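Residues per chain, in single letters:
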Amino acid sequence: MGILINKDTRLLVQGITGAVGSFQTKQMQDFGTNVVAGVTPGKGGNTVNGVPVFDSVREAVDVEKSNASVIFVPPKFAADAIYEACDNGIELIVCITEGIPVHDMMRVCAYLENSQSMLLGPNGPGVTTPGESKIGIMPNPIHSPGNVGLVSRSGTLTYEIIDLLSKSGIGQSTSVGIGGDQIAGTSFIEILRLFEEDPKTSAVVMVGEIGGTAEQDAIEFIKQMSKPVIAYIVGVSAPAGKTMGHAGAIVSSGGGTAIEKIQAFESAGVTVGKSPVDIVRIVKNIV
Amino acid sequence: MGILINKDTRLLVQGITGAVGSFQTKQMQDFGTNVVAGVTPGKGGNTVNGVPVFDSVREAVDVEKSNASVIFVPPKFAADAIYEACDNGIELIVCITEGIPVHDMMRVCAYLENSQSMLLGPNGPGVTTPGESKIGIMPNPIHSPGNVGLVSRSGTLTYEIIDLLSKSGIGQSTSVGIGGDQIAGTSFIEILRLFEEDPKTSAVVMVGEIGGTAEQDAIEFIKQMSKPVIAYIVGVSAPAGKTMGHAGAIVSSGGGTAIEKIQAFESAGVTVGKSPVDIVRIVKNIV
Amino acid sequence: MMLYEYAAKEIFSRYGIPVPRSFLATDATDAGKIADKLGHVVLKAQVATGGRGKAGGILRAENKHDAQVNARQILGMSIKGLTVKKLLIEEYIKPEKEMYLGITIDRKARCPIIMASSEGGVDIEEVARTSPEKIKKMHIHPLTELHDYQAREIAIFLNKDGVTQIIDIIQKLYRVFTENDCTLAEINPLALTGNGFIALDAKMNIDDNAMFRQKFMEEEEDTPTATARKNGMSYVGLDGDIGCIVNGAGLAMATLDMIKYYGGEAANFMDVRAGANKEQIKVALRLVSSNIKVKSILINIFGGITKCDEVARGIIDSGVSIPIVIRLTGTNEEEGRRMLEEHDMILVSTSEEAAKEAVALGHSHK
Amino acid sequence: MMLYEYAAKEIFSRYGIPVPRSFLATDATDAGKIADKLGHVVLKAQVATGGRGKAGGILRAENKHDAQVNARQILGMSIKGLTVKKLLIEEYIKPEKEMYLGITIDRKARCPIIMASSEGGVDIEEVARTSPEKIKKMHIHPLTELHDYQAREIAIFLNKDGVTQIIDIIQKLYRVFTENDCTLAEINPLALTGNGFIALDAKMNIDDNAMFRQKFMEEEEDTPTATARKNGMSYVGLDGDIGCIVNGAGLAMATLDMIKYYGGEAANFMDVRAGANKEQIKVALRLVSSNIKVKSILINIFGGITKCDEVARGIIDSGVSIPIVIRLTGTNEEEGRRMLEEHDMILVSTSEEAAKEAVALGHSHK
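The listed protein sequences derive, respectively, from chains A, B, C and D. Taking my numbering, the leading residue of the first sequence gets 1, the next gets one more, and so forth. Taking my numbering, the leading residue of the second sequence gets 1, the next gets one more, and so forth. Taking my numbering, the leading residue of the third sequence gets 1, the next gets one more, and so forth. Taking my numbering, the leading residue of the fourth sequence gets 1, the next gets one more, and so forth.
Hints are computed from structural coordinates only; laboratory data are not their basis. Since no wrong hints were added, every one of them can be taken at face value.
In silico lysine-lysine, DSSO-like type, Cα no more than 27 angstroms apart, as pairs:
| id | chain 1 | residue 1 | chain 2 | residue 2 |
| --- | --- | --- | --- | --- |
| 1 | B | K242 | C | K215 |
| 2 | A | K167 | D | K260 |
| 3 | C | K172 | A | K43 |
| 4 | C | K282 | B | K242 |
| 5 | D | K278 | A | K26 |
| 6 | D | K282 | D | K230 |
| 7 | C | K295 | B | K274 |
| 8 | A | K223 | D | K108 |
| 9 | A | K76 | D | K215 |
| 10 | B | K76 | C | K108 |
| 11 | D | K136 | B | K43 |
Which stretches of chain A does chain D cover? Using the computed rule of at least three CB atoms under 8 angstroms from a CB of chain D, they are:
| id | region |
| --- | --- |
| 12 | 153 to 160 |
| 13 | 204 to 216 |
Only a predicted model underlies this, so the values are computations on that prediction, with no experimental measurement involved. C-beta atoms are modelled at their ideal positions from N, C-alpha and C, and glycine is treated no differently.
When you get a sec, could you build the whole thing from the sequences and use the hints?
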């Protein structure tokens with residue numbers, strides 16, 4: 001059993017009839033995820049790859065008892081999809097959508113704070129627990145079960161590290177993407193806490209990048225952890241004031257450079273890797 | 001020590017320089033309340049009856065460590081005064097103001113739900129613990145210390161009952177007004193719970209009226225209480241569809257009649273008094 | 001405050017909610033002219049209460065002559081004690097289907113609640129009792145707008161085929177509700193016609209506490225309730241013969257209940273609020289005594305901010321000749337009682353005594 | 001997206017925030033005419049970056065002739081790589097006092113933050129470092145409006161004597177911020193003059209993600225960044241000579257870092273996003289190779305949704321003659337590699353190898 005999800009997770013796909021939604025539904029099913037329902041307003045009554053489609057999350061929850069949801073709807077409708085999932089008691093909401101306005105996300109996060117729902121993302125690849133379940137878009141073949149937890153702000157870079165870990169014989173307990181936007185539903189700390197409490201996890205790889213202070217904010221918590229954390233921060237060569245792909249990856253005049261982050265980690269005694277290969281080498285020495 | 005307040009309560013008066021604010025400040029001081037600060041924007045630097053006046057709650061909290069507040073500002077500014085008290089960490093906010101729009105109060109209550117602040121009122125007389133402290137506008141001479149708790153939606157009717165209790169030799173642990181508006185910051189249940197937990201309280205008088213279901217909502221809790229609750233519901237002779245003074249005292253087509261409330265209490269085994277004198281007679285037999 | 005239908009429809013129309021074409025008339029001639037222009041019309045009595053149809057305040061007319069006849073019949077009639085002075089003359093629209101859509105406040109949940117029913121044009125409370133499955137309710141979080149998914153869910157519930165237009169109407173009705181400080185904004189019936197959905201009736205209740213920021217025309221200026229409100233007090237007319245003046249709503253209701261308990265019947269509810277001065281007491285006495293049914297008056301004051309001597313001065317100055325029973329206690333009680341005793345007023349000590357005495361006084365004067 | 005000053009001031013003005021009278025000019029003749037009308041003026045280069053003053057992009061002129069001379073000097077100059085094409089000619093207003101007022105987003109607190117300083121017209125970050133006591137910050141709850149007490153507290157902090165007008169400006173700036181999806185709305189300096197407070201400069205950054213609901217004119221159409229954005233990709237120009245094309249922002253940054261680690265310097269950041277097709281790859285290659293400094297190109301694709309064969313087709317079709325190092329892995333990897341091998345492309349297996357090879361390739365071509 002991984003953190004966040006497991007074999008019993010009953011997944012709802014919001015935006016299941018879209019091109020990405022239907023493709024990824026198939027991928028998740030192939031991985032072993034229990035996809036129990038889909039929602040696309042106006043498409044209720046259809047099925048996608050054997051999954052019943054409903055007009056509303058309420059119906060999906062009533063009929064199929066979904067307790068987790070993944071969101072593939074366009075940015076314009078994504079905030080509303082999160083509200084709908086939250087109001088219907090979905091415990092884990094994974095938002096893949098990239099490009100949601102930051103003003104929408106500020107409101108959504110304030111709203112979710114007082115709910116029972118946890119939001120992963122937006123603009124993240126989701127969460128995968130090898131051998132149990134996958135929510136999101138991480139490629140199926142890269143994962144292998146094991147004891148290393150992984151939490152990251154990025155997508156493909158995470159896949160690369162997972163892939164290298166697997167190829168080196170190091171399996172993962174759970175891999176989590178918290179998303180590359182300025183504002184994330186879930187912080188590094190919250191995921192690190194789950195890994196710390198998870199008996200299956202023995203070490204954690206944390207992949208950060210420029211922009212904000214989400215990485216530094218986690219340092220005090222990491223110091224108290226019993227498990228080793230290996231950090232990797234990208235964007236050493238990023239100039240100030242430019243958005244590097246991810247909406248959140250921007251060095252503002254107030255700070256947020258990779259160097260600042262790396263120094264903060266190192267002076268707190270956290271090992272920092274130089275590249276994906278370096279990370280895997282360090283992990284291999286530990287586990 | 002009473003529920004909600006005691007000798008250590010450091011009271012801030014919002015709207016202290018107004019006619020009502022300054023008059024009631026004097027009354028509270030005479031009662032023994034520790035009034036440590038007042039706020040009226042633009043009047044910072046003055047004093048009212050020896051109490052320093054500040055421009056903002058922030059300053060009052062910084063300088064005088066206020067931990068409770070009473071609000072005497074006009075309806076138009078009252079919601080903002082509550083937000084200001086809440087954002088500055090005031091634990092108990094007593095709003096005397098009558099006439100705050102219900103849309104403002106819906107937002108205020110949703111906001112307070114996720115804070116550390118408790119709101120009494122609006123449109124209530126406040127809270128008095130004889131021998132300790134008084135926040136609000138209950139007349140000073142009527143109280144006497146003792147073991148009967150009192151919680152009510154009204155003002156003068158409460159004074160009358162307190163007065164009769166005192167004159168019959170029955171003292172009060174704490175008397176609380178939750179306010180006569182449609183939407184109250186604190187419910188009967190929350191106050192009943194405090195009385196149940198309070199070692200100084202041995203019985204509770206609960207004064208309700210027509211409108212809404214606040215009284216019925218408390219019944220399940222009352223059934224679980226170890227202490228006797230004596231209820232009094234006014235408005236038996238009120239017609240449907242008319243607002244009886246209090247914004248909240250209206251029998252709508254959906255219910256909320258005094259008869260419904262009295263029957264609900266009686267069928268749950270709660271003693272209901274017929275008049276203030278009757279209430280005092282019942283209490284006298286119990287304590 | 002409940003708006004007249006025509007005023008509510010003007011607001012709906014401003015927000016883009018479809019309503020029938022209509023004009024206001026205050027006499028039969030005008031009603032005829034309007035009918036001449038609109039053709040088949042409905043004449044609707046404009047009074048701020050429900051049940052107009054049952055009372056005969058809503059009639060159809062297919063031509064000018066019928067409109068004039070019916071207008072004469074409705075104008076001046078009394079519906080629940082309110083005299084009809086205005087008529088809304090509206091084009092008649094035949095609904096294919098009638099639904100209900102309303103937004104009000106859920107006191108317990110402390111937030112707005114949207115209610116919809118596939119059955120409209122009837123009493124929604126009745127539907128709620130008999131066929132609860134025909135009603136869909138959703139809470140709206142006070143700190144966020146109505147979520148799109150909520151409007152969509154309601155729309156799908158009401159009518160699968162008109163979802164886009166119903167969503168639009170729901171979102172506009174919600175804006176009406178919040179921006180006008182409504183305690184109720186209701187479309188009953190929301191009619192489906194060949195030209196889409198249309199609000200055949202419109203009801204808006206405005207929060208009295210929000211009048212400082214909402215500018216609505218007060219319709220009835222001359223009622224005791226309006227006069228009391230203008231003077232910072234609260235008055236509700238009742239059917240009995242004992243006039244009541246009390247400070248505080250709770251104590252006022254308790255006083256009414258005690259009168260009833262002792263076999264009497266109050267003529268009114270009147271709360272003079274905290275801190276009433278001499279002039280307000282005089283206004284209150286004038287209002288209460290202007291009701292010809294009133295045989296005795298009960299004044300019950302528990303002085304806190306309200307000062308007993310001030311109240312006594314108001315009573316003495318009012319010159320009201322109807323017998324008054326007075327209970328005065330609290331701030332400056334002794335001075336107040338002394339003044340009233342000098343004028344031979346009937347003074348009692350408790351609310352109970354006051355009620356008992358007022359009932360006796362009323363009976364003796366019958 | 002950062003708005004030009006004149007565009008931000010137009011918006012400020014629409015919301016009722018006082019700004020100086022001004023007109024836009026694109027040549028010296030117009031600048032002279034405007035100065036003739038306004039009198040003593042300031043000429044301000046319109047480019048979407050800070051530090052215009054230090055770069056000589058802001059000059060005063062007291063008459064038509066000086067305005068023309070100064071306009072000629074500023075127009076066409078380059079500020080941080082941006083060519084000045086437009087001038088804002090503004091009446092010169094002498095401030096008695098300069099303050100700072102700005103609203104931005106606090107990522108950690110996940111809410112807007114309002115910042116004010118009694119010291120304006122200077123770099124606010126500098127003030128924050130050297131004199132933090134001169135700055136007041138307040139968080140704004142995302143689900144409520146800016147509270148009145150907050151605006152008041154900021155206003156009292158800024159200037160006790162002009163509280164009412166500053167409150168008004170703060171509330172309007174907050175509306176500008178929320179209604180236009182700003183990530184920054186800033187007045188620096190907010191000047192106190194004989195006629196009250198006025199915004200002498202205006203800065204607005206708009207959330208790129210909100211462009212679907214905000215209609216702002218795109219100012220620079222021809223940059224590689226703009227072209228990439230139009231094609232659903234992300235490009236940032238850098239100073240090196242190794243062109244980069246990567247899918248995923250994190251992997252792209254990691255690739256840049258590895259190039260640097262191996263002694264090279266990237267010419268650009270480029271994220272082709274998930275699911276890039278053949279045409280997008282072609283556009284990406286065209287953009288990257290159009291930079292004359294580029295000596296080698298590194299393509300690093302970790303295929304998930306992105307298909308390796310599709311990428312290979314784009315590379316082959318592009319016809320770019322600059323040497324390319326390619327790392328392709330993931331979905332349809334074998335087919336993609338086979339296609340590229342047929343065209344004698346340099347294929348490597350890992351990101352590290354790719355970086356090392358690209359650096360070597362660049363050096364050998366020097």
